[in-house]
Amino acid sequence: MTSAPPTTNAPAPAATTKAGLLRGVVAAVGQGPLAFVQGAGELAVFVGRTFAWMPRRPFRWAQLFRHLRDIGFGSLFIVVLTGFFTGLVFGFQTLQGFRRFGAEALVGPATLLTLSRELGPVLTGLMVAGRSGSGMATELGTMRVTEQIDALSTLAVEPMQYLVVPRVLAATLMMPLLTAIFTGFGFYGCYLIGVGREGIDPGVFFFETWQAADPDDFYEGWIKGAFFGAQISLISSWQGFRASGGARGVGEAATRAVVLSSVSILVGTYLLAELLDPLIHGYIWFDALPK
Numbered sequence: 102m103t104s105a106p107p108t109t110n111a112p113a114p115a116a117t118t119k120a121g122l123l124r125g126v127v128a129a130v131g132q133g134p135l136a137f138v139q140g141a142g143e144l145a146v147f148v149g150r151t152f153a154w155m156p157r158r159p160f161r162w163a164q165l166f167r168h169l170r171d172i173g174f175g176s177l178f179i180v181v182l183t184g185f186f187t188g189l190v191f192g193f194q195t196l197q198g199f200r201r202f203g204a205e206a207l208v209g210p211a212t213l214l215t216l217s218r219e220l221g222p223v224l225t226g227l228m229v230a231g232r233s234g235s236g237m238a239t240e241l242g243t244m245r246v247t248e249q250i251d252a253l254s255t256l257a258v259e260p261m262q263y264l265v266v267p268r269v270l271a272a273t274l275m276m277p278l279l280t281a282i283f284t285g286f287g288f289y290g291c292y293l294i295g296v297g298r299e300g301i302d303p304g305v306f307f308f309e310t311w312q313a314a315d316p317d318d319f320y321e322g323w324i325k326g327a328f329f330g331a332q333i334s335l336i337s338s339w340q341g342f343r344a345s346g347g348a349r350g351v352g353e354a355a356t357r358a359v360v361l362s363s364v365s366i367l368v369g370t371y372l373l374a375e376l377l378d379p380l381i382h383g384y385i386w387f388d389a390l391p392k
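With this note's numbering applied, the sequence shown has no gaps in its numbers, which climb one by one up to 392 at the end.
Everything labelled a hint here was simulated from the structure, so no lab data went into it. All C-beta atoms in this analysis are idealised placements derived from N, C-alpha and C, irrespective of residue type, glycine included. You may find that some hints are simply not true.
As the list claims (entries may be wrong) - With beta-carbon atoms standing in for the labels, derived distance ranges: (1) F166 - Q132: 16 to 26 Å; (2) V138 - F199: 45 to 55 Å; (3) A348 - E259: 23 to 33 Å; (4) L293 - F174: 53 to 63 Å; (5) P303 - R150: 46 to 56 Å; (6) G297 - L376: 36 to 46 Å; (7) F166 - T247: 18 to 28 Å.
Whole structure, please, built from the sequences with the hints as guidance.
Right, dumping it as structure tokens:
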């Protein structure tokens, strides 16, 4: 008498392989959004802690002035150089288009408007992110991997107040000034192209610019610059604080700081334009400022 062969409930090998492959695809697809949400949450907590420590004593004046010098004077040359050549290129290309309509004299107002409202704060922010933002992430990342930040805590010194708050305040204060310098040198570059190269009458050039100039355009650019300074310093400090893995981890943190800061500037300039346009140019409350 023969017995029946034993039966098992084990799935077929092909079905197991297909299920494992499906789980791997789902995990890979969901990993990106999950990491984004997790990072956004970490950054939100970091920003909240920074602003919570900002008004508390003692104020780190020495640290603040050191970072004002590092961000302001350290970024001055690259900002001046970038602004000047941006004005040259923008003035040259704008003249090519305006010449078709006989409106060469309007190159000054067009350049000043574009530089003061958009290109000035955006390109200044990108330059500061590449120069100072990477430096912040590198310095703080080195302190993290060498446990210097932990040592501050053991000495009853709050790292957020001592290391982050002065950087955020310094970047927020210096960015509007650097934006104004960028705009000034950019307009000078446009002047050299329009008057020096194309022969536009200087009186006409400045008259048309004066007629079209609006202080609200400068206010918008300076406000954007302050926001971008806060973004750069917060993102760079956050990346430095979460660095790990030695020298390689510090380098990766600096790279992420520059990339994230640059993306946040490009996204933020549109959002701020949508927000500030009705506030400033709609004269909701900026009509009290000097014209």
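Hint-by-hint comparison with the structure:
no.: 1; hint: F166 - Q132: 16 to 26 Å; in the structure: 43 Å, violated
no.: 2; hint: V138 - F199: 45 to 55 Å; in the structure: 47 Å, holds
no.: 3; hint: A348 - E259: 23 to 33 Å; in the structure: 27 Å, holds
no.: 4; hint: L293 - F174: 53 to 63 Å; in the structure: 25 Å, violated
no.: 5; hint: P303 - R150: 46 to 56 Å; in the structure: 53 Å, holds
no.: 6; hint: G297 - L376: 36 to 46 Å; in the structure: 38 Å, holds
no.: 7; hint: F166 - T247: 18 to 28 Å; in the structure: 25 Å, holds
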